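J.: Could you slot chain F onto chain U? The hints should help.
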Amino acid sequence: MPDVISTQAITRKYGDLLAVNQASLKVPEARIYGFLGPNGSGKTTTIRMLLGLIRPNEGEIRIFDKPLTRFRIPILAKIGALVEHPSLYGHLSGRDNLEITRRLIGAPKSRLDELLAQTGMSQAAGRLTKTYSLGMKQRLGLAMALLNRPKLLILDEPTNGLDPAGIHEMRELILALPKETGVTIFLSSHLLHEVEQLADKVGIINKGKLLFEGSIEELNSDREMRLHLKVDKPTESIELLKSRGSVGLGMVGDAIELLVEREADSAEINRLLVESGINVFEVRFKRTTLEHRFLYLTGQTESREEK
Amino acid sequence: MKYVARAVIAETLKLKRTMAWWVAFGAPLFVCGMFLAVGLKMNELPGRYNGDGWGWLISNVSLFWSVMVLPMIVALMSGLLSAYEHNSLGWKHLFALPISRSSIVITKYIAHHSLLIITSLAIVIEICGVGFLINAIRPDFGFAASPPITNIADMFLKYYLASWLIVALMQWMAIYIPNFTATLGVGIAGTFAGMVSATGWYQKLWPWKLIANTHAAIQGVPQLALVVGLGGGFVCTLIAIIHLSRREVL
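Protein sequences, first through last, are from chains U and F. First residue of the first sequence: 1, per the working numbering; consecutive thereafter. First residue of the second sequence: 308, per the working numbering; consecutive thereafter.
One chain only, chain U, in its complex shape (with noise of 0.2 Å):
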């Protein structure tokens, strides 16, 4: 099955600044593809190349196995986007902007009604949306991406600036979407844990260029094991557990920490050491979250932060 989207060492630059570096993004269908990375990495710019809002500068683009400078207009059909904040005429109700949009597109009438309840703007469709919060704002713009029955959409950021419960009504949202439709999903976010949440597959992209591309088993998969140790005789521990062949191995303030590849070997150092007469008054695991493992992979911190 060919990749929805799929584009080849695509770079785009700003004058001097190197927004988008030889990035190949590979979207599997039906799939939500988590797009992650720190503000100002690229996620953006990505987007609006994926949207043929910008050119590249180098490299292609490919969305459902056309190449997207020739086939603009077929493809942006099949595709529902919502850019950072949604675009809405604040002049205008609810109703109206997305009036605007089936119009452009030629959509059926009978799919306002369907998207407005959907999203839940079925009550506030008739007021003005200058009088939204960011929260109806999003929705509303949700709705207006859907309103091709998109076989992708593209959502940058979308729950930024929602409160927790506008946060998790969007979540619940993108969630139900590609069970109930067969959309695939693209998803920019700066937030890991929304990610992880959300998408099946993640690329990180930091500093325009993609670091990580694969499924959240693989990036989990990656992650390391340290055992933590408090014991009486630290100098007498740290050789002997050089003489068993164990890596990373350190002192951590009173304690003792080292690399491990299973859980069950801190079950073996253990009793090596209370063996040879070593009191072990602590053996714990630390696991790199998560977090750090992207902190570590987008440069945002030098050391890898335990749990």
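The set of hints was computed from the structure by calculation and includes no laboratory data. Keep in mind that this is a model prediction, so the values were computed, not measured. Even for Gly, the Cβ is constructed at its ideal location relative to N, Cα and C. Heads up, some of the hints might be wrong.
Calculated Cβ distances over 12 Å to all of chain U for the following chain F residues [what the hints assert, rightly or not]:
(1) T319
(2) E351
(3) D359
(4) M375
(5) M379
(6) A403
(7) T414
(8) L428
(9) N442
(10) L537
Below, computed lysine-lysine pairings styled on DSSO-like, alpha-carbon distance capped at 27 Å [to be verified]:
(11) U:K179 to U:K66
(12) F:K309 to U:K151
(13) F:K323 to U:K109
(14) U:K109 to F:K309
(15) U:K78 to F:K399
(16) F:K399 to U:K66
(17) U:K151 to F:K399
T.: Chain F alone, transformed into the frame defined by chain U:
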């Protein structure tokens, strides 16, 4: 054409509750209201109108309209038709839709020209209305004859046609630069620069002056104003459509 038709239908809804309608109908009303007030005091005016009320009214309204009001309407319309797209970040949304980009830009020009045609029709009708009203109140002021409707219509049609060049330039600028004040500023500066008496090419070709030049008493100037205004406007509109359709939305 399918996309242009869709975009035009959508644009009519966008215009709801905008100042564009107030400008289209309000400007002719303001001008005619002003000349109604002055016209009712015609007998106190210096100079003679020789009993030709219609002549006095048409010459004064047309001068005011062609030199100042129509160029200012163009500046205002350009800014207003683009402002709601800039304010709502609408270009980004519109250019990501499955319609041709040129249809979106063409629609802005269609909307602008439609509103100018409406305002031109309104001023023609309202001039007649002012004459009838003055005649009803003061039958001795020279409005007893039928209004020279063909002459009035011809005059304001030419003003509209000669305005194509400034419509093309101002709308281009208003779409490209997301700043209503800048558009209005250029419109005001262009209008006032057109009021300065000058000679040579400036007198004949200054875009904001072309409208008034359609009825200038200098030989060849009215024809030149129409050719440059309409022809230049058409060419400039085409270039603007190509440029604006190809630009990137950052």
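J.: If a hint holds in the structure, say so; if it doesn't, say that too.
T.: Structure-based check of each hint:
1. T319: violated, 9 Å
2. E351: holds, 44 Å
3. D359: holds, 46 Å
4. M375: holds, 28 Å
5. M379: M379 (chain F) is indeed farther than 12 Å from all Cβ atoms of chain U, at 22 Å.
6. A403: At about 4 Å from chain U, A403 (chain F) fails to clear the 12 Å cut-off, so the statement is violated.
7. T414: T414 (chain F) is in fact no farther than 12 Å from some Cβ atom of chain U, at 10 Å.
8. L428: Check passes; 25 Å lies beyond 12 Å.
9. N442: The assertion about N442 (chain F) holds, with a minimum of 41 Å to chain U.
10. L537: holds, 30 Å
11. U:K179 to U:K66: holds, 25 Å
12. F:K309 to U:K151: holds, 23 Å
13. F:K323 to U:K109: Holds: K323 (chain F) and K109 (chain U) sit about 19 Å apart, inside 27 Å.
14. U:K109 to F:K309: The given pair, whose Cα atoms are some 18 Å apart, holds under the 27 Å limit.
15. U:K78 to F:K399: The hint holds at about 17 Å.
16. F:K399 to U:K66: It holds: about 22 Å lies between the C-alpha atoms, which stays within 27 Å.
17. U:K151 to F:K399: holds, 20 Å
Violated hints for the displayed structure, listed by number in ascending order: 1, 6 and 7.
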